[in-house]
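Line by line, the protein sequences give chains A and B. Mapped onto my numbering, the consecutive letters of the first sequence carry residue numbers 445 to 555. Mapped onto my numbering, the consecutive letters of the second sequence carry residue numbers 283 to 397.
Where hints are given, some of them may not hold.
Unchecked claim - Not everything, but these chain B residues come out facing chain A in the computed CB check (under 7 angstroms):
1. Ala313
2. Pro324
3. Pro325
4. Leu327
5. Ser337
6. Ile338
7. Glu385
8. Phe387
9. Gln390
10. Gly391
Think of the hints as simulated: they come from the structure by calculation, not from any bench. We treat Cβ as the ideally placed atom computed from N, Cα and C, and that holds for glycine.
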Amino acid sequence: EDQVTQSPEALRLQEGESSSLNCSYTVSGLRGLFWYRQDPGKGPEFLFTLYSAGEEKEKERLKATLTKKESFLHITAPKPEDSATYLCAVQAWGGGNKLTFGTGTQLKVEL
Amino acid sequence: DTEVTQTPKHLVMGMTNKKSLKCEQHMGHRAMYWYKQKAKKPPELMFVYSYEKLSINESVPSRFSPECPNSSLLNLHLHALQPEDSALYLCASSQDAPVMNTEAFFGQGTRLTVV
Numbered sequence: 445e446d447q448v449t450q451s452p453e454a455l456r457l458q459e460g461e462s463s464s465l466n467c468s469y470t471v472s473g474l475r476g477l478f479w480y481r482q483d484p485g486k487g488p489e490f491l492f493t494l495y496s497a498g499e500e501k502e503k504e505r506l507k508a509t510l511t512k513k514e515s516f517l518h519i520t521a522p523k524p525e526d527s528a529t530y531l532c533a534v535q536a537w538g539g540g541n542k543l544t545f546g547t548g549t550q551l552k553v554e555l
Numbered sequence: 283d284t285e286v287t288q289t290p291k292h293l294v295m296g297m298t299n300k301k302s303l304k305c306e307q308h309m310g311h312r313a314m315y316w317y318k319q320k321a322k323k324p325p326e327l328m329f330v331y332s333y334e335k336l337s338i339n340e341s342v343p344s345r346f347s348p349e350c351p352n353s354s355l356l357n358l359h360l361h362a363l364q365p366e367d368s369a370l371y372l373c374a375s376s377q378d379a380p381v382m383n384t385e386a387f388f389g390q391g392t393r394l395t396v397v
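In isolation and in its complexed conformation, chain A is listed as follows (with noise of 0.2 angstroms):
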């Protein structure tokens, strides 16, 4: 069975403070490995999708990095716009487009 457990739980950071959230996994075949953000009371937002070991993406503040066992979304400078919950998930090969969650990391950036 699949499993995805993240770390921290919660996360709070002064702005500017630089940091990672982890994300370790366990998958029969891994297809796609994906990062949300989440509002309180909205849905998830897409992020970023990583595919094969080695691989990362960035978008402005964020950067995602991926290795066979686990996956770390880096946050540079973090804003108090950055604070909401950090969603990973996993889609395994022959899942049939499941995505497998995460607990998330709940992160607060304070002035």
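Fit chain B to the known structure of chain A by using the hints.
Just chain B now, with coordinates in the frame of chain A:
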């Protein structure tokens, strides 16, 4: 345009009511999904439609009945729900095999309260 539109945004229904949630996308996606999300929990898959056919049912109770009338529309029919069914219901869509890019795009959800 990566928009998935869900209606209504909020719904309050009694346990004997019948209601429907609606979802629409115009991205040409052939996979559509229903997820249920409780507070401070990740989205939990309910159903997947692939090319308008139901491909995954995650053992969802029969009081939830999905329907995919065409490739752009997805409905979730609700009947005789329980208070514990109160949650945020999310619709999503994505491209389907054999395409490589299968990231799912989510709607803003319907906040359902069962009284």
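Each hint tested on the structure:
1. Ala313: holds (5 angstroms)
2. Pro324: holds (4 angstroms)
3. Pro325: Hint on B/Pro325: holds, closest Cβ of chain A at ~6 angstroms, below 7 angstroms.
4. Leu327: holds (6 angstroms)
5. Ser337: Nearest chain A Cβ about 5 angstroms off; hint holds.
6. Ile338: Interface hint status for B/Ile338: holds (5 angstroms vs cutoff 7 angstroms).
7. Glu385: holds (5 angstroms)
8. Phe387: Check passed: Cβ of B/Phe387 comes within 6 angstroms of chain A, closer than 7 angstroms.
9. Gln390: holds (5 angstroms)
10. Gly391: This hint holds: B/Gly391 lies near chain A, its Cβ roughly 5 angstroms from the closest one there, short of 7 angstroms.
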